[in-house]
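Enquirer: Chains as they are written, first to last, in our numbering: chain A, 41 to 650; chain B, 41 to 650.
No wet-lab data here; the hints were simulated from the structure.
Values in this document were obtained by computation on a predicted structure and should not be read as measured data.
Incorrect hints may have been included.
Identical copies look the same in the list; a pair holds intra-copy or inter-copy alike.
[What the hints assert, rightly or not] Calculated pairs, BS3-like style, for lysine-lysine (alpha carbon to alpha carbon, straight line, at most 25 Å): (1) Lys-115 with Lys-45; (2) Lys-259 with Lys-111; (3) Lys-470 with Lys-111.
Number of protein chains: 2
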Amino acid sequence: MTRIKTVDLATTSGAYYAPATLAPANTEIMHVSGQPGSTSGGIVPADYESQIQLALTNLRKVMIIGGATVKDILKLTILIVNYDKTQRKHTRHIQKFLEGHRPAITLVPVTQLAAPNWLFEIDAVIALPSTSPSVPLQLTIDSAEKTLDVIIVGAGLAGLTAATELQRAGHSFIVLEARDRVGGKTWSQVLPNGEQGVIDVGAAWINSTNQSRMYALAKRFGAEILEQNTTGKCVLQDADGNCSTFEYGELPKFDIAIARDVARIRDMVEADCQTLDPARPQNAEWDSMTFEAYLRARGASAEAIATATVWTRAMLGQDPKDISALYFLTYCRSGGGLLQMRSDRLGGGQHLRIRQGTQLMAIGLSKELPNGTVGLSTPVSSITQSGINSDVEVVTTNQKKYRARKVITTVPSPVLKTILFTPDLPPSKKLWSESSTYGYYTKAMMTFREPFWVEKGYCGLTQSFTGPASVIRDTSSLPDQKYVLTCFMSSDLGRAWAALSTPEREQALIKQIGQLFQSGLEASRDFISMVTYEWTSDPYSGWGCPCPSLASGVMDSLGGNGLREPFGNLHFAGTETAINWRGYMEGAVESGERAASEVIKELTTVLARL
Amino acid sequence: MTRIKTVDLATTSGAYYAPATLAPANTEIMHVSGQPGSTSGGIVPADYESQIQLALTNLRKVMIIGGATVKDILKLTILIVNYDKTQRKHTRHIQKFLEGHRPAITLVPVTQLAAPNWLFEIDAVIALPSTSPSVPLQLTIDSAEKTLDVIIVGAGLAGLTAATELQRAGHSFIVLEARDRVGGKTWSQVLPNGEQGVIDVGAAWINSTNQSRMYALAKRFGAEILEQNTTGKCVLQDADGNCSTFEYGELPKFDIAIARDVARIRDMVEADCQTLDPARPQNAEWDSMTFEAYLRARGASAEAIATATVWTRAMLGQDPKDISALYFLTYCRSGGGLLQMRSDRLGGGQHLRIRQGTQLMAIGLSKELPNGTVGLSTPVSSITQSGINSDVEVVTTNQKKYRARKVITTVPSPVLKTILFTPDLPPSKKLWSESSTYGYYTKAMMTFREPFWVEKGYCGLTQSFTGPASVIRDTSSLPDQKYVLTCFMSSDLGRAWAALSTPEREQALIKQIGQLFQSGLEASRDFISMVTYEWTSDPYSGWGCPCPSLASGVMDSLGGNGLREPFGNLHFAGTETAINWRGYMEGAVESGERAASEVIKELTTVLARL
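Using the sequences provided together with the hints, build the complete structure.
Expert: Here you go:
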């Protein structure tokens, strides 16, 4: 609900900022001092884009403390040292920060700022939202019949795992799910045109060794396991679109110096991420930089940066310049390291698939819960805590009210912004929910009549610096005689592809697949259908997938454990809060177990006191 | 009553500006154009700090016309040409300007401004105070019994002199004094520990030739006169802390080139100040500069500037960079010139003391007034003029109301800010009261068992570039066998000394006295006690002493006679408004006589018309 009006001329409506903005009458106006790109501890990274991200994080912190959000900004003034109009690197970060909001902006190139190492500074004028509650809560809300022990928000793997644990411990609960189905970001769809088998439009892979929770669930619900194919040639498409092959597990055939540099950077990222405590990652210097700045500071070659871009795009839909180096290294560390997380082999992140689709486990878990304990199509609109010894009230958008001693929310962090918390979430939690963003990330499952790539000696795994697909994997199901290449479109390449019409998208992928596997003819001839789902448009996933990322400066402000710390009687789960396999199904289950155990412990303590 | 709220993070509350400020809803917002450092006549001094002061004066003028004060500032944007972060000279002046208020600030280094000689520019966003009166005047105020001819605000020497004149002319009057004593900045205290004699914590010196008013008063009330000792060696402590002696009336033993330059600068200041009309000083160029810029523009050596710094510190508690050159030259001129004002000999500013203390005269004057005409502990809160032919109403903080045809205020200009004037004071008067500031200035009277410095051939006068005391004078009273060195701590050196604990302050002065007089042993052994009074904490003196100073650009705006021009039926006295011996007791008496004569003349004219 934005209250800032823009003034637009005929020629300006396409710009990401407005010629003028209007503050409503009778509004508190906030003036923000120039915010430089330094961490709260005073670290000023040498990298320009890292400074932009930190400055925006600093602006966001001030806005949160002042009670405003991005939508309330009237005016930004941007000060840039050594401004280069051919680059305009700030626009990417500011557009992302603004989330479509269009304030007035003035850009002022300067030769220096208040400190000699500052390259970027931003100040703002902001119209505060009115302090009277904007949601009339007391209209026609059904009163809660009784007080439950726990309300769980979200019936994905985290929420259903928590429910299962609570059920086992004998506590009363209800799971409130916004969607008309369980499973969250696991969603297995039947193929169009009556084809056999299912397609996972969301999470797809598990493994059998270090993802023991998921593997146990899969076994328990009778999953038929499909092993990812790593036999055959892999393909690299370079920045000029030329394709070359390499063996799975080896590096692409760069020239020797480049190969050595790519290996050096890969090994360095691996070593650095292993230094982090996955439960309490802390490194203020790494958090002060974007991942790209971290790579450049270590002298990474263009090819090494392109390779790292394939990693961040395939793993998070982000470019290295869009995310904190500490965030990416922590993300890798949570999956056992960069190499393990990216591996399709035993113990790797993409080792095993499930023939029936990964939604099988969520459906299985929900069926084991008592009738009436999972409410579908019940989005939560507000969560009110009156005091640590009072019940928590949860109200839904369809005007139902629930009451419980504890609440576990499992929603992705961007979704927290859509819930009215009373009292407001603490500043560090707000900073998390307001700063975390998904990159652009879409899977397109391309089904073919024949696995022509296998016949030509390819395993199906490709990586491309040119796109549209950054990475492709074979997700066929041989028992179903279903031959599928899952194409991952992400970040800028993905956005360009998404702007095409559906036939154009199909053709672009068919063309790329033809180039990659030297199979232009077969790719056209054998193509059956393309299945995609735009998580970017899904409000209940927080407008994206697989996992939100954090820009520079946020983790430093959150502290090592800030994501999963409870707030009063409110507990936080969801794969983002996991210690291990963050962003994966395994992490979701781990987080559900952890939140349930927090809640059970506190409920038991309270009972013991009574 | 500030209404601007600040938004602070955990790390920011110590900064002199705030990360963000909030304007209340439903407030008029004033946007101020960039204010450069030029006079109203368009003079732009070459000196950077002079431009800063002028720009701040210009900003203050706009705020006054717009109805705002410093406390209403939401945001400052500071534009600086050739910004040097190792200097940051602007912070001193802006902090002083802000008086503790913390707006949001953005600093923008630029390569040039709108005119090629502008080095500094400041713009502002300001939330206007609401226009409804903030003081509920009509509550339980006693109504005035009768209309007096004159109400005098302040029972210092100015107010009591005016009262004496009105009494003599047969007019009815009352003197309203905020303190529980008469005398204002003359205050004579008995010594602690039962020592004989009194100590003047305020004004101390008069002379017998060109301070005829004070000398006459002293004689009239039986003052025993003590002559300042100028026999013996004086001491200079240089920037390295080394001490050397020189004869009273001569220059310290600088090397020849330096001595010549110090003499040149001294003589130039003397000659320049003599060109001024003390009643209507006007020189737009000198008012456009700080006194330091004036010295530098004339090629003053470092030692000459250090010497001039001893002058401004000892005379006003200010550094040369903090005050207008015209203001300082006018101040000197009012005392007959720099040399006379600084002299301890016949006709000089520090020639004679009074054994019973200088409060003797105020007490004497007040005792000659009719019973009930001096109201102590009666601070004035508002002065209301309904029209030139109507009575003036004066209300006190203890809810008493007085009515008179005329009011004479004698309060120091910073105190004018604490009184609610209706109608508001005219802009030039507001500029005076809001711009005038005291420097840091404290006297510490160090009493000793023996005058060891006299025994070693010193007169007791010292000047120091290192401090803590910039200047020391012998203020012994031989008839009382009281041996005292009065130490003047001022400006930055004084602030550093004031931050120490009382024992540390004593020790610092004992140590310096030991160094200056080659008497480390005696200074420790003979020390009895230290007496100080912090005028900086005294609201009724306007938080300082001896006399407020004006920054660049204010006198130019006030006009040559602006301080003492009446406003309706309101007349202005006090030593600041004196033509001669401004800042001295003599000036206070002169101003009281002048204001009384203005009032008597107008009252007589009105009577003649009736």
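Enquirer: For each hint, tell me whether it holds in the structure or not.
Expert: Hint by hint, here is what the structure shows:
no.	hint	verdict
1	Lys-115 with Lys-45	both (12 Å within a copy, 20 Å between copies)
2	Lys-259 with Lys-111	neither (47 Å within a copy, 69 Å between copies)
3	Lys-470 with Lys-111	within (15 Å within a copy, 31 Å between copies)
Checked against the numbered hints given earlier, the structure breaks only hint 2 and satisfies all the rest.
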